[in-house]
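**Q** First to last, the sequence lines map onto chains A and B. Note that the first sequence covers residues 1 to 488 in the numbering used here. Note that the second sequence covers residues 1001 to 1494 in the numbering used here.
Everything labelled a hint here was simulated from the structure, so no lab data went into it. Beta carbons are placed, not taken as given, at the ideal position from N, Cα and C, and that holds for glycine. Treat each hint with caution, since some may be false.
To spell it out: a stretch of chain B is covered by chain A in this simulated footprint if at least three of its residues, at any positions, have a beta carbon under 8 Å from a beta carbon of chain A; those stretches are [to be verified]:
#1 1053-1060
#2 1306-1313
#3 1394-1405
#4 1426-1433
#5 1471-1481
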Amino acid sequence: MAWLPVLIPALAAVGTFVLGEDRARARNALNLGAAILTAGIVTTLAVRAYDGTVTVSTLPMLPGVDLGVHGDLTGLLFAAVASVLWCVTLVYAIGYMDHARDRARFFGFFALCISAANGVALATDPVSLFLFYEVLTLTTYPLVVHSGTAEARTAGRTYLLYALGGGTALLLGVAWLTVIAGQTPFTPGGALHAVSGHTTALRVVFGLMAAGFGVKAALMPLHGWLPGAMVAPAPVSSLLHAVAVVKAGVFGMIRLVNELYGPELASSLGVAQVLAALAAVSIVTASVIALRQDDLKKRLAYSTVAQLSYITLGVALCSPLAAAGALAHLAHHAFMKITMFFTAGSLAETLHVKKLSEMGGVARRMPLTMSAFAVAAFALAGIPPLAGFASKWLLGSGSVEADAPWALLVYVAAGALAMGYMVPILLASLRAGDRGSRTGIESDPRMLWPIVIVGAMSIILGLTAGMPGSPIHWAMTAVAPSFGGVTP
Amino acid sequence: MDHLPALLIIAPLAGAALVFVTSRSVDRAITCITAAVITGLAVLLVARVLGGGALRYEIGGWGAPLGIDLVADGPAALFILLTAIVGSAVTAYATGYFPVTEPTRYGHGLFWTLWLFMWTSLNALFLTGDVFNVYVCLELVGISAVALVTLKGDAEALRAGGRYLFASMLAAMTYLLGVALLYSAVGQLDMEVLRDALQQPGAAASGAAVGLTLMVAALVLKTALVPAHFWLPTAHASAPTPVSAALSALVVKGSYFALLRLMLGVMPPGFLPGVDVALAVLGSIAIVWGSVQALLQSRIKQFVAYSTVAQIGYLFIVFPLARTGGDVLALALGGTLLHATAHGLAKAGLFLGAGSLMERFGHAEIARMRGAARSAPVLTAVITLAGVTMMGLPPSGGFGSKWMLISASVQAGQWWWALVLGLGGLLAAAYMFRVVAVLMADTADDVGPARAAVRLEWAPLVLAVAALFLVLAAPLVNDLVAISSLVPPGVMLP
Chain A
1 MAWLPVLIPA LAAVGTFVLG EDRARARNAL NLGAAILTAG IVTTLAVRAY
51 DGTVTVSTLP MLPGVDLGVH GDLTGLLFAA VASVLWCVTL VYAIGYMDHA
101 RDRARFFGFF ALCISAANGV ALATDPVSLF LFYEVLTLTT YPLVVHSGTA
151 EARTAGRTYL LYALGGGTAL LLGVAWLTVI AGQTPFTPGG ALHAVSGHTT
201 ALRVVFGLMA AGFGVKAALM PLHGWLPGAM VAPAPVSSLL HAVAVVKAGV
251 FGMIRLVNEL YGPELASSLG VAQVLAALAA VSIVTASVIA LRQDDLKKRL
301 AYSTVAQLSY ITLGVALCSP LAAAGALAHL AHHAFMKITM FFTAGSLAET
351 LHVKKLSEMG GVARRMPLTM SAFAVAAFAL AGIPPLAGFA SKWLLGSGSV
401 EADAPWALLV YVAAGALAMG YMVPILLASL RAGDRGSRTG IESDPRMLWP
451 IVIVGAMSII LGLTAGMPGS PIHWAMTAVA PSFGGVTP
Chain B
1001 MDHLPALLII APLAGAALVF VTSRSVDRAI TCITAAVITG LAVLLVARVL
1051 GGGALRYEIG GWGAPLGIDL VADGPAALFI LLTAIVGSAV TAYATGYFPV
1101 TEPTRYGHGL FWTLWLFMWT SLNALFLTGD VFNVYVCLEL VGISAVALVT
1151 LKGDAEALRA GGRYLFASML AAMTYLLGVA LLYSAVGQLD MEVLRDALQQ
1201 PGAAASGAAV GLTLMVAALV LKTALVPAHF WLPTAHASAP TPVSAALSAL
1251 VVKGSYFALL RLMLGVMPPG FLPGVDVALA VLGSIAIVWG SVQALLQSRI
1301 KQFVAYSTVA QIGYLFIVFP LARTGGDVLA LALGGTLLHA TAHGLAKAGL
1351 FLGAGSLMER FGHAEIARMR GAARSAPVLT AVITLAGVTM MGLPPSGGFG
1401 SKWMLISASV QAGQWWWALV LGLGGLLAAA YMFRVVAVLM ADTADDVGPA
1451 RAAVRLEWAP LVLAVAALFL VLAAPLVNDL VAISSLVPPG VMLP
């Protein structure tokens, strides 16, 4: 059962390749069916996990090392976000890629990426996680270079340079750890108590693993690949470079700190503090860079760099509330940022607008799209009662709880900076301009409605933050065992 | 007595003889049937060894030290199975590659006989338990391989074949000299008897050490370890594509296997001091040098051939780790044999895929193969998937072997090899993705029509996919490794 979220998208990918380029209807039906099925299975697993039943499944691989997946709450939150947004993104992508070439390749690798991301989410231990993490790197490459232009291939090369470099660091870290401690399944509160005497080795291993995860988590200075990778088609930027791939990095950080080292060991070794400092610098620097970007997707990319570091900082603070906030923000940011990237894609595809300076009149031309964008933008800046506010509240109170007022200051400053880089986009769209004079309104309905739906989620998730099953409640329940209970 | 080991030599030999004497029109059919029979026998052998331990077959019932023994232990069975799988794919590919209508082009009337004869010699080489017999088999493999390289008969093929012949003869002579010295010092040729003899005090001081050093040097030359790789790129690149695949995937493994037997199965640990570290250092240099050369090649088969030079390097890291003995030895050896298997499958796929790309584009220049992802998607998939194994990324067998070798290095306290292995993966990614990026380009170069034979695409794809998921076969490889005299009794991997 726990394998299905990995297997179903992979099988859908094989089917997509076999169907070939021309059988668009069958391909779309196959992919949508697989996406809905995957989301359903993840939901079922989550309901079970809420009841305390964790489904585990392993198969023997290397000497002393099994390949395993399990349906625990932490992993399922990430898998649920990836799978649910896969459904939405598919609809958008079918509209977006309507007249594009190489669609079989596109949708096939897209499904493979989801398979790998679900594997990262559900992996039982560092070795299994590494395996899926590298598969994710490889399956994303064809999507980054999809257009085949010189620019895309350069971006692909940069992406590989960073990702495979990080992957090698991760491999060395995981292998070393396995030699010290054997195969260590992720355990809330940490799995390395028995070997905590190896302080130097554990510090180096943490550094190697954090560097490996830091590449996909775009932790500065390892973020260099992300802005360039924006050359990929919009659905890729949306789902992979705002959700699946980058979140695989921060999710790795969450597993690393909370469930491999455990908050206690991570802070007593001093490694969590270093990670927190790097994340704080990354938040502020990336936000400042975002302020100056004219290219819409680049601006969003730097915003992503900053927001991912929110999550890393939250985990590194090693306090229950901050950790819950980090996990919840992983989900919330996904919905907010995907709305924005969908919008950027619609503007580029329908109106050929890619820069802020060209955006005059688009709000009149695409009122619904831009309204959804505005909601997501305000949510990202942390305006109550939207989704971003709820997770940031947790992150902020977690900073206080961790006795790190400087972190609270960083979060507040970053919120102000987020307003600073989001509001100019809204203003640019409201300016008068020739974009509004074109005939027709909005874009292809298959692109419009996904935007409206994910935009509305920013409101719904914010309003329902206290209810069971909401990301906030889910995250609090999931991280509680790592700390022996969370005080709300 | 169980005749399975002998049958594995007789079957391909009978096939070769039949092809030679019958009419040309049935060449392909006989070769295909023979390949199927060998594959069946190889599967049986693996099952038999897994079930009942290593088989020892006394030819003619004489037995060592008087007669010649065949030893089918776990590693031998593994290599025979690998040869059977790759050999079958190569055979299927060759039936599509050599045009039926032009029997004289590439001189391939001779291909089928020579190919089955080389298969015979390889199986014999894997099975032999006698150091002199290794010499005989090496010569037979070498002669048939040189003949296969020169099939096309043009100037380039002849030059490459000449160089290959030179290296092959030099290696054979050196090896024979070594065997002679060893025999005069110890008076034994059977590997197991030799091992006991070499453990006697004073054995190292005798001429045995010199003899063994010469034998190791000869096998290193045959395996094309840097700097003795000078003959490999031209020979492997200029041969007809099915031959290239067989040479890169299988033939270098033959001499390597003999070396492995010699280093770990015959010589007691530390018998030739410093040689194990020297081999691993050369292996590390091979990884870097071969990768850099692969990056610089403009023609696709040369590129694949240099990738082989690099990948061979990984096979030599095991020697200094083996000194630690016990679990580390088993882990390192398992990783090494998994690498040999994964590389065999993937490299054959890569060569066959590269050859098909050349046929489609009508030239060998990588830079002018743009747009292949659209015009030849299956071949692009072959190159990419085989590349995953070269890079050692999961879930390929290359990943499994890298993992095991890194773990063994750290456990043995020789962590520097782990860094080499990590670097090797990155370099492989660099040279593989340089090619993949060209294939994915949006500008399209002209391609010829696809050849009717779908085997030219599917045979390499099957190999590349098999290599891609080979980590799942790691438990089988480890079980086989444990059934051998190379691993001390009682050591079982967890």
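**Q** Against this structure, judge whether each hint is valid.
**A** Structure-based check of each hint:
no., hint, in the structure
1, 1053-1060, "violated (count 0)"
2, 1306-1313, "violated (count 0)"
3, 1394-1405, "holds (count 7)"
4, 1426-1433, "holds (count 3)"
5, 1471-1481, "holds (count 5)"
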